[in-house]
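Each chain, written out:
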Amino acid sequence: MRTLLTIVVIVMLLLGGSFTSYRYIQTTTHTTGEHLEVVVQSISIQKWEGAKKELSTVRQSWDENNTWWSILLDHEEIDTIDISIRRLERLLESQDVTLSLSEVSTLKLLFENLHDKEKFTLKNIL
Amino acid sequence: MLIVVVRTLILYIVVIVALRLMGKREIGQLQPFELVVILMISELAAVPSENVGVPLLSGIIPILVLLSASLTFAYISLKSEKARDIICGKPSILIDRGKISEKELRKNCYNISDLLEELRLNNIPNIADVEFAILENNGQISVFPKVQKRPTIPEDFNLTPQYEGLPLTIIMDGKLKKNHLEQSKKDLDWLKSELEKQKITRIKDVLIASLDSSGKLFVQAKATKKTNPSKNSVR
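First to last, the protein sequences are chains C and Z.
Residues in the first sequence are numbered from 1 upward in steps of one, following this note's numbering.
Residues in the second sequence are numbered from 1 upward in steps of one, following this note's numbering.
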């Protein structure tokens, strides 16, 4: 009986935890992706203040969620995103359209990769 | 560095808890799937403890998965004999009624040298003395010697020795085990008198006191025992 109970508890924890963490990552990456899309549009029409404001929202959200991300994901990926955000902040200050757009694309891809890596697919299992 | 220390301790505790939940079988590695679990758990625990870039959960979750898988296999093999045969395999009889089974040796990739070595390790240097030799699922060989070659037992001489139960540890490392004392149907006064026979006045000074089923008390005092004749209480 104890064995069965232990198995059930662990399985429930694993399934529940997996589902919760996936939903959390999906939600945060989706939200961040939307903000970054706004940044792209702002940069395209050279609305630098708007772009900076939107990026600061991304930065704030990133700082708030950093703890949970560190628990769930590889720290190297988190560091890469951190570096990319800081680079984009500097590029927005220097008002370089080409490099800023390139950095935003990189940042968007990094977040999309995070989301894709956590999906329960055959590709990720293999 | 402190981070590595804390992570290692956390994973160490997780592994201990996992092994405790899996039970004594896991530590004894009775079955192949249990050996696999032990090996994998040790590897899984090592990676996050030395690499701080890897989240701790990356080590803990696979350990939990292995724990649940191992418990599941153990539970299934407990309930179903067929499943047990598939999961654990069946023991192989390498020597059957004194005759070596070449077929079983080949099937298990066991050569004659290995067989002779195992027999010697079982204190049987002469293969002619073996009635049965069984290769168990955990890789060990159980050897049953021929009747004329086995050690004699009291039954061979129609003797009925006295019953020998498990000895009870009454005092361990200076601490009295009250439940064992009650179980032995003895009291503290008896214990006091037995210790005084050995010139020991305090329970604290006893390293071990073990009572066998014939009522004999084995006592050993601690090396740093202080014999104080003025203090006659045994607490």
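Honestly, the hints are just simulated from the structure, not real lab data.
If you're wondering where the values come from, they're calculated on a predicted model, not measured in any experiment.
Some hints here could point you the wrong way.
Listed next, the stretches of chain C that the computed footprint assigns to chain Z, with coverage defined by at least 3 CB atoms under 8 Å from CB atoms of chain Z [as the list claims (entries may be wrong)]:
(1) 1 to 7
(2) 73 to 81
(3) 111 to 124
Computed footprint of chain C on chain Z, listed as stretches where at least three residues anywhere in the stretch have a Cβ under 8 Å from a Cβ of chain C [as the list claims (entries may be wrong)]:
(4) 51 to 61
(5) 65 to 75
Using C-beta positions, here's what the derived DEER-type ranges look like [said to hold, decoys possible]:
(6) Z:F218 to C:G17: 51 to 61 Å
(7) C:E77 to Z:N108: 22 to 32 Å
(8) C:G16 to Z:G28: 30 to 40 Å
(9) Z:K103 to C:M12: 32 to 42 Å
(10) C:N124 to Z:S210: 39 to 49 Å
(11) C:E77 to Z:Y75: 30 to 40 Å
C-beta: ideal position from N, C-alpha, C; glycine also.
Verification of the supplied hints:
Judged by the Cβ-Cβ criterion of 8 Å, the region 1 to 7 of chain C is covered by chain Z as claimed, because 4 of its residues qualify and three suffice. Interface restraint, the region 73 to 81 of chain C with chain Z: holds (4 residues with C-beta to C-beta distance below 8 Å; minimum three). For the region 111 to 124 of chain C, the stated coverage by chain Z is not satisfied: 0 residues place a CB nearer than 8 Å to a CB of that chain, which falls below the threshold of 3. Only when three residues or more bring their CB closer than 8 Å to a CB of chain C does the claim for the region 51 to 61 of chain Z stand; here the count is 8, and the claim holds.
Residues of the region 65 to 75 of chain Z with a Cβ under 8 Å from some Cβ of chain C number 7, which satisfies the need for three, so the listed coverage holds. For F218 of chain Z paired with G17 of chain C, a C-beta distance near 52 Å keeps the hint of 51 to 61 Å intact. Here the CB-CB span from E77 of chain C to N108 of chain Z is close to 47 Å, at odds with the stated 22 to 32 Å. At about 33 Å, the beta-carbon gap between G16 of chain C and G28 of chain Z stays in the expected band of 30 to 40 Å.
About 47 Å separates the C-beta atoms of K103 of chain Z and M12 of chain C, a value inconsistent with the hinted range of 32 to 42 Å. N124 of chain C and S210 of chain Z have their C-beta atoms about 58 Å apart, which leaves the hinted 39 to 49 Å range violated. Here the CB-CB span from E77 of chain C to Y75 of chain Z is close to 38 Å, well matched to the stated 30 to 40 Å.
In summary, the structure is inconsistent with hints 3, 7, 9, 10 from the numbered list given earlier, while agreeing with the others.
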